[in-house]
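> Assemble the dimeric complex from its two separately framed chains, guided by the hints.
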Amino acid sequence: RKEVEQDPGPFNVPEGATVAFNCTYSNSASQSFFWYRQDCRKEPKLLMSVYSSGNEDGRFTAQLNRASQYISLLIRDSKLSDSATYLCVVYEYNTDKLIFGTGTRLQVFP
Amino acid sequence: DAGVTQSPTHLIKTRGQQVTLRCSPKSGHDTVSWYQQALGQGPQFIFQYYEEEERQRGNFPDRFSGHQFPNYSSELNVNALLLGDSALYLCASSFQGPSGANVLTFGAGSRLTVL
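Respectively, the protein sequence lines represent chains X and W. In this text, residue positions in the first sequence follow this note's numbering: the first is 1, and each later residue adds one. In this text, residue positions in the second sequence follow this note's numbering: the first is 1, and each later residue adds one.
Heads up, some of the hints might be wrong.
Using C-beta positions, here's what the derived DEER-type ranges look like [unchecked claim]: (1) W:113 / X:110: 29 to 37 Å; (2) W:41 / X:66: 23 to 31 Å; (3) W:65 / X:74: 39 to 47 Å; (4) X:29 / W:54: 20 to 28 Å; (5) X:55 / W:39: 27 to 35 Å.
Hint data in this document are derived by calculation from the structure and do not stem from the laboratory. Ideal Cβ positions, reconstructed from N, Cα and C, are used throughout, including at glycine.
With the rest of the complex left out, here is chain W (with noise of 0.2 Å):
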């Protein structure tokens, strides 16, 4: 039973560019949450995708999106790169039960480093 895979697993940018990160959830999972972990810091929750749609959403600029394809797979996008992007990008997969929503299973993340 695969968990939740990430691509690429590292990748360095310059300031100006754009990334796109890929996300498999987990086999059952449907949402799937994108986080933000600075060095040192805890992880910053980006947006949350179900059904396709974004239903919550951080304190993240537009230069943050995503999308969620049928086969729940997700995508995250990253416009106009700022030195400050820097981070490791988690994707997080749940099953959106009455109460699975809560528990999240993590991939190994993407470390972006923008130069």
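The shape of chain X in the complex, shown without the other chains (with noise of 0.2 Å):
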């Protein structure tokens, strides 16, 4: 099982639309969690953390399950800006280590 796993995609939709993505982590230890972003050919950027009250940012909310090990990123009003490869990234306090999930790929169109 892999230390962090999410849907790789594609999710397609349209501008405007409301796209939830979610990611599992299989270490209990695990005590911090992230969202990144990744545009084409970029390198990954820091979209939010994810606390454990769930959090916001404008049209972005992310929630976090520490019973069931399992994160989610809801986007709201979709924009084209948005495609982009979104990272779910676990840090494993005893470890030491931050986890990267493989991604999950967001085309949104006209």
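Take a look at the structure:
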């Protein structure tokens, strides 16, 4: 079982749609969680951290379920510029490592 | 404020050769991590350097080695290149504060092609 699993997609959605990405992690000692965004042939960039109580940043909402070891990212009112790969990232406290999922590709069309 | 800079941006090598990739961390950062990202995959952790020592290592063979210099810059060396080493090599820096080590700033990467 992979340490961090994501649906690779692609998710093809029209502008204005709401789309949700899911991620599961295997290490219960995982302590911190993040979503990174990676544009085609570019480096990953931090999109947002994920807090236990859930958090929102504009059109983006991240949620964490520690009991189920599950993280989600919701994007509302999708824009063409949201087209990218979204990487689920987990910090494992016991190994002091950041583990990346394979990423979920989103394509927003007009 | 310069971010993370990597060089070279692209390079082509043949099997069996050796390669050195370089990274300068973001100003104020003292920790450098290296990742390998194959096409269609997420970044895979190679190793991390702090205070000029390798702190953590991922599941990579000894052909992959590194170094950190007193100015916090770092090098990644790969010996005896294999076709499977073709990938984007990402350097990420962070500050080894109470929580800062979790948040990485990535460089644009060095794209290595092994023929």
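> Output the numbers, in ascending order, of every earlier hint that fails for this structure.
Those not satisfied: there are none.
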